[in-house]
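K.L.:
Read off the chains here:
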Amino acid sequence: QQQVKQSPQSLIVQKGGISIINCAYENTAFDYFPWYQQFPGKGPALLIAIRPDVSEKKEGRFTISFNKSAKQFSLHIMDSQPGDSATYFCAASRGSGNTGKLIFGQGTTLQVKP
Amino acid sequence: DGGITQSPKYLFRKEGQNVTLSCEQNLNHDAMYWYRQDPGQGLRLIYYSQIVNDFQKGDIAEGYSVSREKKESFPLTVTSAQKNPTAFYLCASTPGTANTGELFFGEGSRLTVL
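In the order they appear, the protein sequences are chains P and Z.
In terms of the numbering used here, the first sequence is numbered consecutively and its last residue is 115.
In terms of the numbering used here, the second sequence is numbered consecutively and its last residue is 117.
Isolated chain P (complex conformation) (with noise of 0.2 Å):
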């Protein structure tokens, strides 16, 4: 029930295509759900989140797509660049005040080749 599954676990795009990462979750009070970008290194950094009562969100090249009858949710990186080769993690929580009981995904890298 509080499990993030998270896919591929790898990824390798070419320059220009389109990245696509997908997360499915179980707890169906879950209503915050961040996607988290992560170079080699260093900490993960929020990218772009999402809230159930809309079924996407875009911001520049990045966009969540939000499907609450099935639990699932994914990132799509459109124009993939080299510059986002990262790690990316999906998460989930019960309201965003309770960032302590974020549930994260086993994280998925993505290699963009020029």
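There's no promise every hint is true.
[As the list claims (entries may be wrong)] Each computed DSS-like pair below joins lysine-lysine, with the alpha-carbon atoms no more than 27 Å apart: (1) K12/Z / K43/P; (2) K102/P / K86/Z; (3) K43/P / K17/Z; (4) K86/Z / K17/Z; (5) K43/P / K73/Z; (6) K6/P / K72/P; (7) K59/P / K16/P; (8) K6/P / K60/Z; (9) K16/P / K72/P; (10) K43/P / K74/Z; (11) K43/P / K60/Z; (12) K16/P / K86/Z; (13) K43/P / K86/Z; (14) K114/P / K60/Z; (15) K12/Z / K102/P; (16) K6/P / K74/Z; (17) K17/Z / K102/P.
[Said to hold, decoys possible] Chain Z is faced by these chain P residues, among others (derived, beta-carbon under 10 Å): (18) F67; (19) K69; (20) L103.
Source of the hints: derived by calculation from the structure; they are not laboratory data.
What you are looking at is a predicted structure, and each value in this text was computed from that prediction instead of being measured.
Think of the CB as a built atom: it goes at the ideal place given N, C-alpha and C, for glycine as much as any other residue.
Model the placement of chain Z on the given structure of chain P, informed by the hints.
P.N.:
Frame of chain P; chain Z shown alone:
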């Protein structure tokens, strides 16, 4: 610049020794967290503290200890009881009442037990 400082960045220890990882923040955040990162397992919560002199166990607290004597500082001790201590350790913080759900991470400490 405000941020979270973790030290040391790299640490090597012999099996059976206790080690303490430092985490200091000058963001005036109330809550602080320790996560452990292992390849393919995402981020797992070790301990968190929402106020000085108080802290709670996370999902994998066994073999670890913390203290929160000052608002700015949240050191983590990896004890000899931790069966597999080699990992990347991340410290994070969030504001109190102004919590938007974003975790602010340090750059991490990589512990290798020989």
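K.L.:
Now, for every hint given, state plainly whether the structure supports it.
P.N.:
Cross-check of the supplied hints:
no.	hint	result
1	K12/Z / K43/P	holds, 10 Å
2	K102/P / K86/Z	holds, 24 Å
3	K43/P / K17/Z	holds, 25 Å
4	K86/Z / K17/Z	holds, 13 Å
5	K43/P / K73/Z	holds, 25 Å
6	K6/P / K72/P	holds, 11 Å
7	K59/P / K16/P	holds, 20 Å
8	K6/P / K60/Z	holds, 23 Å
9	K16/P / K72/P	violated, 30 Å
10	K43/P / K74/Z	holds, 23 Å
11	K43/P / K60/Z	holds, 25 Å
12	K16/P / K86/Z	violated, 42 Å
13	K43/P / K86/Z	holds, 25 Å
14	K114/P / K60/Z	violated, 41 Å
15	K12/Z / K102/P	holds, 26 Å
16	K6/P / K74/Z	violated, 34 Å
17	K17/Z / K102/P	violated, 32 Å
18	F67	violated, 15 Å
19	K69	violated, 18 Å
20	L103	holds, 7 Å
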